[in-house]
Amino acid sequence: MEPGAERIEMSNRVGGLSPHSQLGRAARIAVNHPLTMFFTLAYVCSWLVFLPMILLRAPIELTILASFGPTLAALITHRLATGYYGAFRLYTTLSRTLIATASGTLLIILAYVVLPGVATADPHRLNWSIIISVTVYNYSTLLGGPLGEEPGWRGYALPRLEAQVGPLWASVLLALLWAGWHLPLFLIPGWTSSPKWIYVLILIGLCVIMTFGANIARFDVIPAIVMHATFNTVSKFLAGLFTAVQPSTYIPFELVLALSGLGVAFLLVLVTKGRLAYERVTA
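All letters in the sequence shown, in the order written, are residues 1 to 283 by the working numbering.
Since the hints were derived computationally from the structure, they do not count as laboratory data.
Glycine is no exception: its CB is placed at the ideal position from the N, C-alpha and C atoms.
Be aware that one or more of the hints could be misleading.
Calculated cross-link-like contacts (lysine to aspartate or glutamate; reagent style EDC-like; alpha-carbon spacing at most 20 Å) [claimed, not checked]:
#1 K196 with E279
#2 K273 with E254
#3 K236 with E61
Pairwise CB distance ranges, derived in the manner of DEER restraints [stated by the list, open to error]:
#4 Y84 with L62: 38 to 44 Å
#5 E61 with Q164: 42 to 48 Å
#6 A58 with S235: 28 to 34 Å
#7 K273 with G180: 40 to 46 Å
#8 L255 with P52: 31 to 37 Å
#9 T36 with Y85: 37 to 43 Å
#10 L62 with R160: 43 to 49 Å
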């Protein structure tokens with residue numbers, strides 16, 4: 001019997017699937033290549049919304065629906081592989097959740113708000129009160145990606161990537177695949193001002209920081225959702241930060257953001273000796 005065949009047969013029995021049926025073959029792929037199936041489904045599920053939305057010039061709010069593609073992909077892949085829907089951890093312990101959420105959120109604000117601010121303007125003229133203002137939040141803070149994406153990206157894919165290639169390379173690979181998932185959105189005018197290559201650099205730094213938070217939480221998805229929501233709010237933080245002064249820089253401001261994020265990510269890698277608070281757990 002080939003490696004993993006027993007698990008495949010068990011998966012098929014639990015799910016009531018014949019190994020020779022279409023679903024049986026899908027279950028076989030899910031068991032042997034879960035990450036391949038997950039990322040394929042994440043792209044397909046989301047792009048089936050992204051592409052018609054772009055072609056038909058539908059409201060940008062439809063991206064909320066598309067953002068649930070990664071979570072749906074995780075649920076389908078895990079159900080096919082195991083017969084169960086428990087694809088990710090909703091909660092571990094209160095202390096881990098609080099520490100991971102606080103540290104991850106503060107690091108993202110440091111990387112993408114504080115450092116770009118002090119690097120491009122007089123710190124005394126910046127409106128630092130915006131960081132604690134509730135006016136920067138609205139429905140898109142959570143619905144514009146965090147709730148729909150993070151159970152898939154950090155809840156399902158990250159622990160499996162880390163188990164295979166370690167925390168640093170897992171972060172880089174996830175950043176590249178995450179950036180690729182966003183590609184159709186670059187066709188929407190005004191969706192982002194970042195060139196694609198800078199956007200990739202921003203996501204690499206962000207993914208390293210978020211991996212650190214996710215590892216502290218042992219893949220509890222709540223901190224990942226909050227960290228993602230904080231990053232989604234960066235543009236509003238910066239708009240409020242620069243109310244009295246404009247940033248002055250010789251390079252694109254988006255590149256300043258990318259370099260700041262990469263700088264914080266590099267320090268995390270250095271301090272944690274590349275482990276990013278990772279401890280091997282059962283995925």
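Results of checking the hints against the structure:
This hinted pair does not check out: K196 and E279 have alpha carbons roughly 33 Å apart, beyond 20 Å. For a cut-off of 20 Å, the pair hint linking K273 to E254 is broken: about 28 Å separates their Cα positions. For the given pair, K236 sits about 18 Å from E61 by alpha-carbon distance, which is consistent with the 20 Å threshold. For Y84 paired with L62, a C-beta distance near 31 Å fails the hint of 38 to 44 Å.
Roughly 36 Å separates the CB atoms of E61 and Q164, a value that falls outside the hinted 42 to 48 Å. Remark: the range hint 28 to 34 Å for A58 to S235 is contradicted by a beta-carbon distance near 23 Å. Checking the proposed 40 to 46 Å range against K273 and G180 shows it is violated: the Cβ atoms sit about 29 Å from each other. For L255 and P52, the Cβ-Cβ distance of about 33 Å falls inside the hinted range of 31 to 37 Å, so the restraint holds.
Distance hint check: the CB atoms of T36 and Y85 are about 20 Å apart, inconsistent with the given range 37 to 43 Å. At roughly 29 Å, the beta-carbon separation of L62 and R160 lies outside the given 43 to 49 Å, and the hint is violated.
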